[in-house]
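K.L.:
Each protein sequence line maps, in turn, to chains A and B.
Take the first sequence: its letter number 151 is residue 151 in my numbering, and every next letter is one higher.
Take the second sequence: its letter number 279 is residue 279 in my numbering, and every next letter is one higher.
I should point out that these hints are in silico values taken from the structure, not numbers from a laboratory.
Take the hints with a grain of salt, since some may be wrong.
For chains that are exact copies, the list does not tell them apart, and a pair is met inside one copy or across any two.
To be verified - Only pairs whose alpha carbons sit at most 25 Å apart, straight line, appear in this in silico SDA-like list of lysine to any residue:
(1) 391 <-> 414
(2) 26 <-> 281
(3) 367 <-> 119
(4) 239 <-> 67
(5) 369 <-> 397
(6) 347 <-> 417
There are 2 protein chains.
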Amino acid sequence: MENKIVKVGLIGLGTVGGGTLEVLAKNSEVIAKRAVKIEVSRICNLDLAYTEQRIKELGLEGTTTATTNFRDLIDDPEIDIVIELIGGIHPALEMVSAALAAGKSVVTANKDLVASHGAELFELADNNGVDFFFEASVAGGIPILKALKDSLAANNIVEIMGIVNGTTNYILSQMTSNGADFEPCLKRAQELGYAEANPTNDIEGFDAARKMAILASIAYNSNITEDMVYVEGITNITKFDIAYADQLGYAVKLVGLAKPAPGDENSIAVCVYPLMIAKEHPLASVNDVFNAVFVEGDALGQSMFYGRGAGSLPTASAVAGDVITAAKKIINNTRGVSGIRFFENKKVLPITECINKYYIRLMVQDKPKVLAQIADAFATSDISMDSVIQKRVTDSGLAEIVLITHSVKEANLQEALERLQHLACVDCVASMIRVNGD
Amino acid sequence: MENKIVKVGLIGLGTVGGGTLEVLAKNSEVIAKRAVKIEVSRICNLDLAYTEQRIKELGLEGTTTATTNFRDLIDDPEIDIVIELIGGIHPALEMVSAALAAGKSVVTANKDLVASHGAELFELADNNGVDFFFEASVAGGIPILKALKDSLAANNIVEIMGIVNGTTNYILSQMTSNGADFEPCLKRAQELGYAEANPTNDIEGFDAARKMAILASIAYNSNITEDMVYVEGITNITKFDIAYADQLGYAVKLVGLAKPAPGDENSIAVCVYPLMIAKEHPLASVNDVFNAVFVEGDALGQSMFYGRGAGSLPTASAVAGDVITAAKKIINNTRGVSGIRFFENKKVLPITECINKYYIRLMVQDKPKVLAQIADAFATSDISMDSVIQKRVTDSGLAEIVLITHSVKEANLQEALERLQHLACVDCVASMIRVNGD
């Protein structure tokens, strides 16, 4: 096995592509000794001069050529694995499909692609007897997909909770440690390169939703796509809410959840939203750009996988790990034999059917009997209180009431909030944040 | 693949054996859909009546028979996988060897066996074209071995730090949260079943040393056995040291370390000892019986794998995961093709050559110029101070000095402590604890 070389074509030489090329080149010796010799023989990238420069810098002139046409990789019969690292749906979908159809295994970090077209690509890989691996698409370097699929295969998954977006975790960590507002923390994240110029995908939770679609698909053996995931971002979280959460013993995190619906074995909940997590929970101390996926299995119990969810080299670590696995399967003539199986057809529960505790912040008239009216409005929807903080806000003449409800179906909560907004004593419902726990 | 059945023989029906039988029986349907149908067809256990009772309780009478003779499993041509869960070296070694020699793949949770006879068993498995898996031998349910071997295969491992013994982590957590002494916390751990009647293996660090030998072997592709691991237990840790550590910003944990020796590519450090870890470090908040393995890879960066390191079902989760992997390889006709490779021959650095910061607690005469004499004794061995706390201890007439050194080779530290013990002003060196960090 040591003498064989597996040739690889790389599409994309941006942050992750550049990191992958670097890791495969610099650690090629130990990779060959541990598994198999891997050679990136062709690189497809729009900037030909830059590609040639990187090939030279890494001393790969003897083995690696540059091209701007991905067909040069697909048509090369010596290339057995194609790594797609350009991101986005088009033309990545066409490139990956062409590679699979040409009998090449594919490794990608492309969450958009897997979360929207996963099922058809798994099928295409199956039909062509090749592998399609995408560990790097969720939580960067953290090997959570392989763990879920292989090591935890004997478990029914009780719950997955993931901090799977580093940008929002950085912003919320900064808001927490500095008592700062959302906007300056976003700006700081942009300055540091943790957030993009157009931060929508991150701060509105869409990026996290894609990753949760992929995690839920594997955990529950069902085809869950990103459009099925309920999603709320962090733009409405204020420093006041974070301070109250702290006072009540919670940290606020943008969390993706996936879990079976209680009492309905054909449904699962898959959502992304800001969540108040008790400070003792392992996820509560996952800060800054770090990611972590908390998994509870019926046998395993609670576990957590922590690390860097983005960045050139951490993501490259996962891509290169997949390339090594794919290369070993080529050498051992076993590719395409243990793909993802969607033998279930779980429905995703509407958010209104989900059950949670809720943190509510209300601005109210500072008058007698206001609290009684509010409690009454909740009670009408069968909602009882876990804790209440009332604070007089002097300058505006309004008082602030912060409360946490007991567990209740979200439909009831929405009904109660609607009722509250029509009470004369209520100025506004300033915030609603879901709270983890029973 | 769905129609085939892989038959398994189970040796041992204690805590982990019972859990494994339960997980494989209760989750058999989802395991079959995800991978392959697995049937425990024979169970070898000394108490035949108990085995038959468990078979009946789990409704396995139609498929599973009990025996007290492990040869019945070895000689059964229908059994392709043997699970060894009796623990200890003998007769487990003979049983596992016989199973491998008979062409059966073996799954075990036996850290004693792997940490002492791993290399010969890997070779035996290789020579017989079968698999030998042992995920459950380190950190129970946490899938760290597979992650290290497969997902992180493209990384040079910069450092492994593991809290891999739940008993000592529970005792230290209790000493920390209650300000209690070691003995009552050990007693409490014994009452709760977290510590054995004879707790030596846990509290002296031997159990952790076995796990570190296994982790280091995989990470550094070298045959590291438990006798090569430097080990110190937690019996000398006092509540005073834990309180000072807290004051200085550290938690005290029993940690196993494995890392390359700086400037010597042929050596690695592999040790187990109590370590002061900065409270911001992810390992510092791993409490009670939980385990966690912190891994830094040159590409991946920092990562941590957290979960239950012991217990019936968590350990069974790892055993069953290995059984599923072994069964898939049997169905796909690929067993024995990607074993552990010891292509390196790393030496283990003597503890005297290791470099650390050190926490030292001294009882000294309460007289002028004592601190100057002590600083001088350290300076003679080229050791400088990072921080010093001096406290007058009224009732005994002695003062207590607590200090943390800068990084220094342990040989120098030992030389300085020897010198200190001979100073007239020093009553005793009460404690020495290594401190994590540069």
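K.L.:
Hint numbers the structure violates, sorted upward?
P.N.:
2, 3, 4 and 6
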